[in-house]
Amino acid sequence: MDMNEIKEIFFQECEEQLAELESGLLKLNDGDRDPETVNAVFRAVHSIKGGAGAFGLDDLVSFAHVFETTLDCVRSNKLDPNQDVLKVMLKSADVLADLTNAARDGGGVDEARSKQLIRELEALANGEMPAASEAPAAKPAPALVATPVADDEGFQPIPFSFDDFGGEEKPVEPFAPTCEILFHPKRELYAKGNEATLLLRDLSRIGEMSIRCDMDSLPPLEDMNPEEAYFSWKISIATEKGEDGVRTVFEFAEWDCDLEVRTVEEDHEAEAGKDELPMQPVPFDLSILDDGDDDATGEADEPAAPLSSANTAAESNVVPIAAASRAEPSRSEARAAPAVQQAAAAANPAASAASAAAAAPTIRVDLDRVDRLINLVGELVINQAMLSQSVIENDNTGVSSINMGLEELQQLTREIQDSVMAIRAQPVKPVFQRMSRIVREIADVTGKSVRLITEGENTEVDKTVIDKLAEPLTHMIRNAVDHGLEAPEKREALGKNPEGTVRLTAKHRSGRIVIELADDGGGINREKVRQKAIDNDLIAADANLSDEEIDNLIFHAGFSTADKISDISGRGVGMDVVKRSIQALGGRITISSKPGQGSVFTMSLPLTLAVLDGMVVTVAGQTLVVPLTAIVETLQPEASAIHSFGASQRLISIRNSFCPLVDVGRILNFRSTQADPVDGVALLVESEGGGQRALMVDAIQGQRQVVIKSLEANYTHVPGIAAATILGDGRVALILDVDAVVAASRGQSLKQEISLAATG
Amino acid sequence: MTYAAKSLTQGRELIAFRIEDQEFCVNIMSVREIRGWTPATPMPHAPQYVLGVINLRGAVLPIIDMSMRLGMKPAEPTVRHVIIVAQVGQKAVGLLVDAVSDILTVTDDNVQPTPDIANETAKNYARGILAIEGRMICMIELEALFPHVESEAA
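Protein chains in written order, with full-length UniProt numbering: chain A, 1 to 760; chain B, 1 to 154.
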């Protein structure tokens, strides 16, 4: 495993930690004061910092460090996580995410923003403590000592000679403070690939030290558990780096050992740090941790004045703040620094351990592998269909055992297909979480106060859908906050809660995922939308439109190209883009709006892009698949319902409204003359812009779920064709791009020129 | 042209195929498989030499009528025709030919430059001619024949 792979894993973990961080902060924002939540947030930042330190990502480390310091104040109850504090923290989480991305992909970050946040965070960490705390500020910033975080999990015996450490204590050097250290590693320390010797070696580098090994707890050989840790060390070290420096050495190990550091002059200080090491998402047995913490919790009752926890003792010049922040002399019991908190967290592991156990084990798999499996299963389904078809053709009795076997095979393949599709299914949570950031940012810009409520974030949908959902959703959220919600003053004047609400909901409905975005803003101002549409020549000035039709105008491409669109209190910025990307996913978007009460956008999307429900039709002897989502209804036209219009256009009257007929065979160049509509079937489709068209096809073969195959992989994009599929007989059938066909029917002459050029 | 012919043919193996009474060959390294003719699904708005697409174990494979692509009359595919599945750039393409005739190993000595009389179309794809046992085999550069395929893959 080379460095890049390890780094890649680090960044993947970072993403998880960032998600954890954000959801934790949001929980806190909702009033959750569970110490475990605070701890989870703290751990997330700490792990990112730890990993970043190992890779030398200094920007990330220094920002995470300040963030962590402030979080530590929250953790130790010195800072009340009220809304203002959390606002800063949520922003910091965003910056942390930016920094992580910048570290991974290169590119810059908004330095001014991160600097500003660092100041705010420092101010918060500073804010609640008396200025008169003693001055550990004189301490030089210790350098970051990255303890090797080896990735070999195996236990390694401790390879050093006890004789080396058995010497007497060295005389204390007068100018350097002497620290007494009691270091008792637990088995976890070794299990995680840390190594006591290396820690001791690092320690020896910061000052003159003497070590005594305490072997009292070593059991007789026959009782010895080779994976248990039995030794502890008493170290006396004279170092000008002081306690902070010592703790830095143990920074990555502090949760896996009992560590006691005291400066000889200040007798009553002690700390025992213990917690699980958050860098390891591997669940481990917390009971072991509990067994060993008697000493630790006992010691922790002592007030811990200038001791800065090892967490904060790292690398930058903000250390003094960290140290000072927990130096408040009063309420010492409650404030015994992180030790008590951590002990509480350890004593209270039942909840977290249970939740960890409840989370089913997962594995990371390359997406390519999953896709290959999905492709293969798609082949299997097709092959099975072909096999069935040929057996049916050759077997007239219909009751042979082959038929029964085939039926079972069919069921099995369908089940396999479903399970494989489920592998790609992912909860929409990550996208929803991203949205909360968008809301924060846009609310900041517009000066509105917005609350985002998400529901059903565990609803699962194909990963490709999720990836492609983020963009339109971002757009819509922006619109909802910017144009949908009123300004706080206006809301108050209207008797609404000044804080606007945007509700994002996901749920499954009849084999599709439905995502709803609702705001409680002013709704669409139909008068203005209508006026704008008239100004832009989208509709006639005297057009009689229903409310719904007016609402749908905002999806019109011509609508958003107008300048100064944000003057309109409804929406309209790029909604055509939104609609197009939703349609590209095989989905639909609808809108319902009530003046004064807000708007609801409802998107209905297929659960997967790999298969599609289609209607198999015949056009000029060719088999085509029309996506079922596009079809509103099918009908058999009667001669009396067909009306000629102009030179070549024809209209069909459906319940007294006229709808243009589109000859699919003609558009696709499958035939040169128009087919007689009476011989065929009309598919009424909903097209871009809301209008309906009747697509003429020769016959309907049936309805079928088809596996989508790319045409572009080996060929080029074909106008009017969305993709291809393979039917039961093994032949390729083309999937119709309904919108393109309808668009082509509008500018028919143009289309024919293209096709002539292509054939010529 | 001589230079190109040399650089392309240093001791390589070629697959020769027949279209009507002419023989052509392509680099064996670009050929993935050879299979029988199956009816293709016609593509709308496609050039005439694109007969359509077929299902190649799940992939959608366009079929090119080589006869028409090389400026001869359209093929009338029968079960006796074969499809050479070739890799051009990142994409796979099926070449419909009358038959595959031979596998040749050639060195530079066997390759003669394309005669000057050839028209522009032929000059574009022909990379030289081979004289083998009294036959004349035209060596084809597939990348030149389907430049659009390559440019889109890039």
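Calculated from the structure, these hints are not laboratory results.
Since the structure is predicted, the reported quantities are computational estimates derived from the model, not experimental observations.
Keep in mind that the hints are not guaranteed to be accurate.
[Claimed, not checked] The calculated lysine-lysine pairs, modelled on DSBU-like cross-linking and capped at a C-alpha distance of 35 Å, are:
1) Lys-123/B - Lys-7/A
2) Lys-73/B - Lys-468/A
3) Lys-490/A - Lys-87/A
4) Lys-496/A - Lys-528/A
5) Lys-463/A - Lys-7/A
6) Lys-186/A - Lys-87/A
7) Lys-91/B - Lys-463/A
8) Lys-468/A - Lys-234/A
9) Lys-594/A - Lys-87/A
To see whether the hints hold, each was checked on the structure:
{"no.": "1", "hint": "Lys-123/B - Lys-7/A", "in the structure": "violated, 52 Å"}
{"no.": "2", "hint": "Lys-73/B - Lys-468/A", "in the structure": "violated, 46 Å"}
{"no.": "3", "hint": "Lys-490/A - Lys-87/A", "in the structure": "holds, 23 Å"}
{"no.": "4", "hint": "Lys-496/A - Lys-528/A", "in the structure": "holds, 23 Å"}
{"no.": "5", "hint": "Lys-463/A - Lys-7/A", "in the structure": "holds, 24 Å"}
{"no.": "6", "hint": "Lys-186/A - Lys-87/A", "in the structure": "violated, 39 Å"}
{"no.": "7", "hint": "Lys-91/B - Lys-463/A", "in the structure": "holds, 26 Å"}
{"no.": "8", "hint": "Lys-468/A - Lys-234/A", "in the structure": "violated, 58 Å"}
{"no.": "9", "hint": "Lys-594/A - Lys-87/A", "in the structure": "holds, 31 Å"}
Going down the numbered hints, you'll see the structure goes against 1, 2, 6 and 8, while the others check out.
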